[in-house]
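Engineer: In case you want the letters, here they are:
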Amino acid sequence: KVLEVTKDMLAELEKADSVFQVRGLNKERAYLVTKDKTYEIQSIESSNTQLLIKKRDESIQPAKRLKSATGVPDTNRIVIEASTTTHMALRETIPSIYTLYQLLRTSPEYSDEEAEAGGTASALRDVIAGAKLYRFDDLCDALHCSDEELRKYLRMLHAIEINGFWRLLSTAFADDLIEFVLATIEMNGWAFDSVPVSRCVEDVKADYPAFLVHHALRLLCKSSSEGAGANGNKTIALDPAKICLFKAELLFHKKSTISDRQLMNEWGKMLPQGLMPDRNLLGGVAIESKTPEGVKWTYVTHLMLPALAADRMDALFELRPRWKLEDLRPYMECLRDYGETLEQLVLKHAREVDGYCVPIVVSGLAMAR
Amino acid sequence: MTRVTLLPHPDHESEWILVELQGNLSVRKGHRFPENELGDLKFVGDKPVLRIGKYRLDGKCMKLNKPMVVLDRVKQTQDDKKTGKARVHIIGKIYEKYVFAKRPAFVLR
Numbered sequence: 001k002v003l004e005v006t007k008d009m010l011a012e013l014e015k016a017d018s019v020f021q022v023r024g025l026n027k028e029r030a031y032l033v034t035k036d037k038t039y040e041i042q043s044i045e046s047s048n049t050q051l052l053i054k055k056r057d058e059s060i061q062p063a064k065r066l067k068s069a070t071g072v073p074d075t076n077r078i079v080i081e082a083s084t085t086t087h088m089a090l091r092e093t094i095p096s097i098y099t100l101y102q103l104l105r106t107s108p109e110y111s112d113e114e115a116e117a118g119g120t121a122s123a124l125r126d127v128i129a130g131a132k133l134y135r136f137d138d139l140c141d142a143l144h145c146s147d148e149e150l151r152k153y154l155r156m157l158h159a160i161e162i163n164g165f166w167r168l169l170s171t172a173f174a175d176d177l178i179e180f181v182l183a184t185i186e187m188n189g190w191a192f193d194s195v196p197v198s199r200c201v202e203d204v205k206a207d208y209p210a211f212l213v214h215h216a217l218r219l220l221c222k223s224s225s226e227g228a229g230a231n232g233n234k235t236i237a238l239d240p241a242k243i244c245l246f247k248a249e250l251l252f253h254k255k256s257t258i259s260d261r262q263l264m265n266e267w268g269k270m271l272p273q274g275l276m277p278d279r280n281l282l283g284g285v286a287i288e289s290k291t292p293e294g295v296k297w298t299y300v301t302h303l304m305l306p307a308l309a310a311d312r313m314d315a316l317f318e319l320r321p322r323w324k325l326e327d328l329r330p331y332m333e334c335l336r337d338y339g340e341t342l343e344q345l346v347l348k349h350a351r352e353v354d355g356y357c358v359p360i361v362v363s364g365l366a367m368a369r
Numbered sequence: 001m002t003r004v005t006l007l008p009h010p011d012h013e014s015e016w017i018l019v020e021l022q023g024n025l026s027v028r029k030g031h032r033f034p035e036n037e038l039g040d041l042k043f044v045g046d047k048p049v050l051r052i053g054k055y056r057l058d059g060k061c062m063k064l065n066k067p068m069v070v071l072d073r074v075k076q077t078q079d080d081k082k083t084g085k086a087r088v089h090i091i092g093k094i095y096e097k098y099v100f101a102k103r104p105a106f107v108l109r
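Top to bottom, those sequences are chains A and B. Numbering-wise (our numbering), the first sequence opens with residue 1 and increments by one. Numbering-wise (our numbering), the second sequence opens with residue 1 and increments by one.
Hints are computed from structural coordinates only; laboratory data are not their basis. Do not take every clue at face value.
Quick list of simulated restraints, FRET-style, between CB atoms [to be verified]:
1) 79/B x 207/A: 31 to 39 Å
2) 79/A x 65/B: 43 to 51 Å
3) 161/A x 66/B: 34 to 42 Å
4) 79/B x 308/A: 39 to 47 Å
5) 341/A x 82/B: 45 to 53 Å
6) 15/B x 320/A: 53 to 61 Å
7) 102/B x 326/A: 18 to 26 Å
8) 36/A x 65/B: 18 to 26 Å
9) 79/A x 103/B: 44 to 52 Å
10) 77/B x 112/A: 46 to 54 Å
11) 318/A x 65/B: 42 to 50 Å
Built from N, CA and C at the ideal position, the CB exists for glycine as well.
Go ahead and model the full structure; you've got the sequences and the hints to work with.
Structural biologist: Right, here's the structure in full:
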């Protein structure tokens, strides 16, 4: 068989750690995955006959005109190694984070009940007997995506690996865990940009096992934030923006719609000293809308919206009738096809008026298709 | 779920050429392709010329927009079958093709 590739893939082939795998063969579509990309394989048919021959330096030389001893141009006998009427072409795709999210939701969320049972393999069996659980390879097979893309999506969904299975934490449990870890940090007076990891784990171990504390710190930390503190102990730098956002979400978990004044007031009270509430952090978390009673915020994350672009735009227009393109980015970004810009995606389901995206109106009926 | 891993064969650096003929090649009843010569390929200048029987096909060399690789399936071992794994060797690369798109010319000599 013949497979069309890119020049980058050819270079990648030479590397010792290169990964080229075809997945999804049992279903309608097959995908080629590399270390960090996913391609849909398409079979391209040709009505022409295609013969494959080896290029041998001593025989076929397009630039040279081969001659025999008599000076007459000579011919070359070539062995046809194979023939084909099709070849496989690749189309780069972006796997769907929403497919992964729906899969993980079919597993029971890790909660207080399981934590109290000890979080061991046997506790796992007792608490969730018969439930569907997924290992990393199971998720790769289900999504047909590269390992790097899957790891990125698992981080984005705040999933955690417990006894080899990837799970989501229940909202209430995650809130309590992170609150507890933050409170421990504040109580000990550790600077947010230099939290000693092992001491934090030690202080919290009566309430939460180490793997959960590490998970909480990872959710709040800046990327590449590991460092070495006094005595060479590993430290981690927390991201103030993530702390602020976590506190805002805590508020929204209690009350999904809140006035702007109440939000800024209560949010400010919840934040550690030195941090200030910032509305700019709420993009992709809450939607601002103007009502006769004043500005209000409604808790909406991209995971709460429909997975299809047209349905999602419908839902967003119901929450607010007009949007700036950049405000739509956190909600629509994950639905882009490879090579498609955000604007191209949005304008399939909306139209632009005076710099705002509005529903497409047909005969007085507002539609977002 | 079967996973097919593409692995470079020791020969994967070898270059292959795609020879594209418009239409179908057929062989006389009772004969098989592997047992017969197709014809002669030569170059006149930088253009390939294919002679099949009494017909001459004039072609041209074209560089492919995207390179291709030639794949050859590796026979599955018992372990592979149990674990649902399969392997395919990349045995060559294709960067150009010879396209014979013109109507064959009948050659008397």
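Engineer: Can you give the numbers of the hints that this structure goes against, from lowest to highest?
Structural biologist: 1, 2, 7, 9
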